[in-house]
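Those protein sequence lines, which keep their order, are chains Z and H.
Okay, so the first sequence: first residue is 279 according to the working numbering, each after it adds one.
Okay, so the second sequence: first residue is 998 according to the working numbering, each after it adds one.
It is possible that some hints are incorrect.
Only pairs whose alpha carbons sit at most 25 Å apart, straight line, appear in this in silico BS3-like list of lysine-lysine [what the hints assert, rightly or not]:
| no. | chain 1 | residue 1 | chain 2 | residue 2 |
| --- | --- | --- | --- | --- |
| 1 | Z | K383 | Z | K294 |
| 2 | Z | K413 | H | K1176 |
| 3 | H | K1108 | Z | K383 |
| 4 | Z | K458 | H | K1108 |
Listed next, with one range per pair, are the computed distances between beta-carbon atoms [to be verified]:
| no. | chain 1 | residue 1 | chain 2 | residue 2 | range |
| --- | --- | --- | --- | --- | --- |
| 5 | H | W1163 | Z | R355 | 16 to 26 Å |
| 6 | H | Y1195 | Z | D324 | 47 to 57 Å |
| 7 | Z | K458 | H | P1158 | 48 to 58 Å |
| 8 | Z | T284 | H | I1102 | 27 to 37 Å |
| 9 | Z | F378 | H | A1073 | 11 to 21 Å |
| 10 | Z | D324 | H | L1097 | 18 to 28 Å |
Treat the hints as calculated values from the structure; they're not laboratory data.
Quick caveat, the model's predicted, so the values are computed rather than measured.
Ideal Cβ placement from N, Cα and C applies to all residues, glycine included.
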Amino acid sequence: MAPQATLWQLFCVFAKMGAFTIGGGYAMLPLIEQEMLRRHWISEADIQDIIVLAQSAPGILAVNMAIYTGHKIRGIRGSIVSALGAVLPSLVIILLIAMFFTEFKDNDIVRRIFQGVRPAAVALILVPAVRMAQKGCRQWWTWLIAIASLLGVAFLKVSPVWIILVTLTVSISVSLLRQKKER
Amino acid sequence: MTGLLGQLFYTFFFIGLFNFGGGGAMLSLIQGQVVTAHPWITQAEFTDIVAISQSTPGPIGINCATYVGYEVMQNAGYGTFAGILGSVLATLAVTLPSFLIFFLIIRAFNKFHESRAFADMMRAMRPAVAGLIGAAALVLIFRVAWDGPHPEVSVLAENFPDWKAWAIFAAAFLLGITKRAGPIAVILGAAVVGLLIY
């Protein structure tokens, strides 16, 4: 069986991923998989199960991955250490930037840079929305959900929490009712 | 100060609990709470935070939570130490639900995620989340004010002051959707363009 990973090694692997991957959880998935398999800490079947579960549970994907893998390898302490590793680089890097940025916000060069960056940042939010709609909107009712959620939040100022809660409850209820009818 | 810290913790705990569908959905949840529901951060400030979260390493949700935690305390007039406290608290709060779900309900969840109800739920959640992320972008483009039954829609001048901003927006969208450039390249490119034309 695999060589046992120490807590410190677990922390380092996830900290490395937190410090060097850009683009969020989905960019981290293949790297986590590769690191775990290369070190033989976890079997391929186990890591596949963890990826599916981490993606479907609520929360931040990278944190879910760290908790589930850490727990599989070293139990509760492993999960805490791994999550800490995934989060700590972000915390330090962002804090440094935030402190620096508040200081230089009124600087003319910084102001011009961010005037250019803002429209690009908005466009980069729109990209995954369009991709997800292309993938997820197949039937008429899926379009209805997407448009209701878009207009509700953007123009009627409905909280996103309500959209998620209502979609969860209605879709699960409808599914269970239909399954009952079929039986 | 403790009151605001408490609100920050509670807000981010719920954001972590209700986040389905990755970093984009989380931006929408954070925006709904700290820009729309509470007057903690302006749209323009939130746009800057999103730009920085997208182009620095680490999970976007964590980056954004850390930054917002700092900024909320700063905007309320507290010092650097309170800012650090706010960011640590927001980050802790947003990760805590992942632990709770894992240790309390993961066995039940494991069964649920193989059921037909879960597959049906995800089919409904994907378009809902697509709408949420789209709305997060729209909120940073338009300002909507309700005057009686009629909405008054205007373009958010802090983010889109002129036609040059729209040109940057269009170029960034095309580069992103065709996968010609990653987020860092787009943000860095826009930074250089901004420096040159503004």
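Hint check results:
1. Z/K383 / Z/K294: Answer violated: Z/K383 to Z/K294 is near 30 Å, above 25 Å.
2. Z/K413 / H/K1176: Since the Cα atoms of Z/K413 and H/K1176 sit roughly 16 Å apart, the hinted pair holds (cutoff 25 Å).
3. H/K1108 / Z/K383: Distance of about 50 Å is beyond 25 Å: violated.
4. Z/K458 / H/K1108: holds, 18 Å
5. H/W1163 / Z/R355: 16 to 26 Å: Given about 52 Å between the Cβ atoms, the range is violated.
6. H/Y1195 / Z/D324: 47 to 57 Å: Hint holds: Cβ distance 52 Å, inside 47 to 57 Å.
7. Z/K458 / H/P1158: 48 to 58 Å: holds, 56 Å
8. Z/T284 / H/I1102: 27 to 37 Å: holds, 29 Å
9. Z/F378 / H/A1073: 11 to 21 Å: holds, 20 Å
10. Z/D324 / H/L1097: 18 to 28 Å: Cβ of Z/D324 to Cβ of H/L1097: about 22 Å, so the range 18 to 28 Å holds.
Going down the numbered hints, you'll see the structure goes against 1, 3, 5, while the others check out.
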